[in-house]
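As they're listed, the protein sequences go chains A and B.
Residues in the first sequence are numbered from 1 upward in steps of one, following my numbering.
Residues in the second sequence are numbered from 465 upward in steps of one, following my numbering.
Since the hints were made in silico from the structure, they are not lab data.
Just to be clear, a hint being listed does not mean it is correct.
[What the hints assert, rightly or not] Pairs of lysine to aspartate or glutamate, EDC-like flavour, derived with a Cα cap of 20 Å: (1) K567(B) x D295(A); (2) K611(B) x D653(B); (3) K669(B) x E623(B); (4) K669(B) x E340(A).
[What the hints assert, rightly or not] Going by beta-carbon spacing under 10 Å, a handful of chain A positions derived as facing chain B: (5) G291; (6) L297; (7) Q298; (8) L305; (9) E306; (10) R317; (11) Q318; (12) D330; (13) D333; (14) Y335; (15) E341; (16) G343; (17) R360; (18) E361; (19) S368.
[Unchecked claim] FRET-style restraints, in silico, Cβ to Cβ: (20) D221(A) x Q530(B): 45 to 55 Å; (21) E341(A) x P568(B): 36 to 46 Å; (22) N492(B) x A281(A): 30 to 40 Å; (23) R260(A) x K567(B): 17 to 27 Å; (24) W283(A) x S484(B): 50 to 60 Å; (25) K468(B) x Q447(A): 52 to 62 Å; (26) D407(A) x A672(B): 46 to 56 Å; (27) M264(A) x D538(B): 47 to 57 Å; (28) G243(A) x D508(B): 31 to 41 Å; (29) R440(A) x D508(B): 45 to 55 Å.
Quantities reported herein were computed from a predicted structural model and do not represent experimental measurements.
Using N, Cα and C, we set each Cβ at its ideal position, and we do this for glycine too.
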Amino acid sequence: MAHPPGWFRSALFRSAHVRFLLLLVAIELCLVGAMLGVVARQLHGAIDARDESVASQLRDDLIDQASGSGSEEFRRSLAGRLRAIQERGDLLALADETGRILIGNVRTVPAGLRADGSARWLLVRAPGVGASGAGVQRRYFISVNSVYGDYRLLVGHASERSEALRSSITEAALKSLLVALPLALLGAWLAIRVIEGRIERISATAAAVAQGRLSERVSLDGSGDSFDKLGARVNAMLDRIGGLVEELRILSDSLAHDLRSPIMRLRARIDTALSNPHDEADWPEVLGAIGLEADRLQAMLSNALEISRAEAGLARRQMAEQDLAVLIADIADLYEPLVEESGRTLTLDVTAPCRALVHREMLTLAISNLIDNALKYGAGEIILSVACADGKATICVADHGPGIPEDQQQIALSRFGRLDNARSESGAGLGLALVEATVRMHGGALQFGRTAGSFRICAVMPAA
Amino acid sequence: MPGKILVAEDDGATAHYVVSGLKELGHNVDHVDNGREALFLATDGSYDAVVLDRMLPGMEGMAVLQALRAAQIDVPVLILSALGSVDDRVAGLTAGSDDYLVKPFAFAELSARLDRLLRRRRTAGTEAQTKLSCGDLAVDLLSRDVKRGTRSIELQPREYRLLEFLLRHQGQVVTRTMLLEGVWDYHFDPMTNVIDVHISRLRRKIDAEGEAPVIHTVRGAGYRLGVAG
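With the rest of the complex left out, here is chain A (with noise of 0.2 Å):
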């Protein structure tokens, strides 16, 4: 493919304006130009059909006047009427069987033409007998008749269309198109200014929102344009960042809330140490328990961060399909001891094999989350299960506690959030946002199953 040329690309060309404003006026100057022929076209096939009619009526009179009389008698009236013919341009001639003219201002009868009386326009050298312009090459409609036998009488009328005519619609054009420019370019302008206007109204919500006003949206009329269209956009993609945001400083209110009771409890142990300095022999114990209080705000910390990276999905990438029935009975594997060293039975149900495109460390860290929670406020038999039915899948992790009641189970959802009865407990909270946050990564949603007696939390995601 070509290179366009260097005009093309310059920046003045670039400019959506100048083009719009270059195409405005091309359609303008073409839809001129198409009237104007049309209105030649109509104007000359008018005046051929009267130089047609006039042909007719000549020829038809000359055709009358030869049967009504002898030849010689013809002949003679044609003598009479040739000067008035040659006079008005017209052309006549009356030629013998052999072809030779026997009066008439033509030389020849033109080849090609038959003697059966239809008329035709032809081009032909005017005669050169007292008429301006002789010698130069006219529209005639001719139409050679047979007479007297095979004698043949030829009839042409000289078209009207003159240079003169061709002009004045030449000048018509050129006229027209002085006024059509100036109406293409206000045209132009005036679809200009209404595109600019829409584009305004978006251009100005975006300057607004980089200035910090983050609630600005752009107004919207409802006519579903793309104008409207792009605003939606705009706006939905607003809404979306607007939401990050919200979410990112509920996220950092909350830390710098929750990390100030295990920083106090720090502060607490050192001050409590430095206070009394001579009993070293409890150093260790201050110092081991300042360790702990720093893994905690530690797990506080990678639990949130966890959360987050879950929540704007950056973990997709590393996402595989995996049996979830194998992913289970890992997670089984590892945790199996753990639950029976407390007492308690960890129960596999997994009938089939159930495929899905999961992150295998978040979901693993995401189900263990459950396990422990089960361990730590649940009772009885710890139930795993995978299911996959109608393309869902659903992995469930039950016991015989209490669980959540209903109206609880929005704050356990939050971020650190704790509930009442399990404040005594050490740990970064329940760590079901993360939960929650992982299952929707994965095009999920968390479900609470409540009955007498046992309690369960599913993840249910789209099976592979």
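With chain A fixed as given, assemble chain B onto it according to the hints.
Coordinates of chain B only, in the frame set by chain A:
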């Protein structure tokens, strides 16, 4: 196992913590605080291991790693990073590092992991083993028979995998996260003592009453398998 180690870390306090700790263990340590110098020094190939921070001025840690690997320098690299999500760890390991440690870390964790890298380098190229042993504990890798002296020990598959990992790293300190990575291939921090329970079950079977223990707890770090306490 002392070695020549390059530490690339720009944070003064962390660098001091790491460098002084490693010197105390008898390592020969060089320290740089930017990525370009790290690449320059590591390129001469005389180091046994490189501890590389991810966020270095001059040149990013992962870029240094890529440049080293592109130049066919296969010195073991341990990445230190404040980017600690599970996702980051997996990404760090797939980018060609030999190990990945998230800040904040315990020094014991760092030294245990470095030790593993140094040993792996020394023993690289040795033939595939069919038997592992430590004192009177012997494991046949083909038949999966485990024996303590003449006593035959029945192990569950996961206990066997755990013992095999400990035997392959005998004499070294292995941390809980190293076990979780090496035996179960998980790269997150377990919030519970899930690993300790596995070890104590294994210990009950391996170290019977009256036998000299081979599985030792290293306080504040992890475990070590060896004949002497």
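Hint numbers contradicted by this structure = Of the numbered hints, 2, 16, 21, 24 and 28 do not hold.
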